[in-house]
Amino acid sequence: MPRKSRSHKTKQAPKQASKQAPKQVGKGQRLQKVLAAAGTGSRRQCEELIRAGRVQVDSRVVTELGTRVDSDRQEIRLDGEALSRPKLVYYAVNKPDGVISTNRDPSGRPRVIDLLPADSVRLFTVGRLDLHSEGLILLTNDGDLANRLTHPRYGIEKTYRAMVTGHPSREVLSQLLRGVHLADGFARVAKVSIKSRHKQSTILEMVLREGQNREIRRVLARLNHKVLRLVRISVGPIRLGKLTPGEYRRLTREEIRALKAESGKHKAATDGRAKHKAATDGRAKHKAATDGRAKHKAATGGRAKQKPATGGRAKRKT
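Sequential numbering of the sequence shown, starting at 1, is according to the numbering used here.
Keep in mind that the hints were calculated from the coordinates and are not lab data. Take these hints with a grain of salt, some might be off.
Capping the alpha-carbon separation at 20 Å, the derived lysine to aspartate or glutamate pairs in EDC-like fashion look like this [as the list claims (entries may be wrong)]: (1) K33 to D144; (2) K195 to D184; (3) K33 to D79.
Source: prediction; values computed, not measured.
Generate coordinates for the entire structure from the input sequences, incorporating the hints supplied.
Here is the structure:
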C-alpha cells in the first residue's frame with residue numbers, strides 16, 4: 001500500500017500593508033472624521049496623516065481624502081497600531097508668554113501640552129496662540145469638535161484684550177471693523193471697544209470670528225498701534241476666568257454642552273445660508289433659461305412672419 005505523502009505547511013510571511021484602495025463604504029464616515037473622533041488630532045491634522053500614508057484600512061494604505069469607512073466593520077490603523085476610542089476629555093489652559101501651542105518642537109521649547117498632567121490620552125490644542133500671546137486655549141482629544149471650533153465657516157467668536165501703543169482714534173476703530181489688507185488676505189475684527197486709556201497706551205477688547213496667523217498684531221501694526229500685550233479671554237461660551245498663567249482645569253459638562261451647542265448653531269446657520277444660495281442660484285439659472293427660450297421663440301416667430309411677406313413679393317413679381 002503506497003504511503004501517503006505528508007503535506008508540509010509552509011510558514012506564511014507577515015502581511016504587509018497594500019497600497020490598493022480599500023473597498024468604499026457608501027454609508028460610512030469620512031476617514032479623517034473617524035480619525036479625529038478617535039482623538040488622533042484635529043480634522044486638518046488627520047488629513048495630513050492620511051496624505052503621509054500613515055493610515056491603513058483593512059491592511060491597505062489610504063492616501064485619498066474623503067475615503068468613507070465603517071469603523072465598526074473595518075480595521076483602521078495609524079502607524080501600524082489599531083485605532084482605539086479613548087474617553088473624550090476637555091481642558092481650559094491659561095497659556096503663559098513664551099510657551100508654544102504646537103505639540104512638536106525640535107527646539108525643545110516649553111509647550112502648552114506640558115502644562116497638563118501626563119496622560120495616556122493624546123491631546124491637542126484647539127487652534128493656536130503665538131509664542132508671545134497669552135490666555136485661554138482649549139485642549140481636547142475630540143477632533144470633530146475641535147474642527148468646528150477652529151474652522152472659519154463656523155464663525156466661533158474669540159475675544160481678546162490687547163494693550164497697544166498710543167490712543168487709537170474712532171477712525172482707527174472703524175477701520176478695524178471695515179478691515180485691513182494684509183499680504184495673505186483681508187482681515188477685520190467683528191467687534192472692538194476701548195476698555196481703558198493710559199498715558200502712552202490703550203487697552204482694547206476685540207472679537208474675531210476668523211483667525212489668520214498673528215492677525216491682531218499685524219492689523220494693528222498696519223494702523224500704527226503696536227501690540228504690547230495680547231491675552232485671549234474667551235472662546236465661544238468658555239471664559240478664562242480666574243485661571244492664572246500656567247494653570248488648567250477640566251471643562252464642566254455644562255461648558256462642553258454649551259460649546260457643542262454654539263458650534264452646532266453656527267453650523268446650522270452656515271448650512272442654511274448655503275442652501276439659500278443654492279436655491280437662489282437655481283432660480284436665477286431657471287429664469288435665465290426661461291428668458292432664453294422666450295427670446296428664441298420671439299426670434300423664430302419674427303422670421304415666420306417675414307417669410308409670407310417675402311412670398312407675397314415673389315407672387316407680385318410673377
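These are the hints, each one checked on the structure:
no.	hint	result
1	K33 to D144	7 Å, holds
2	K195 to D184	30 Å, violated
3	K33 to D79	17 Å, holds
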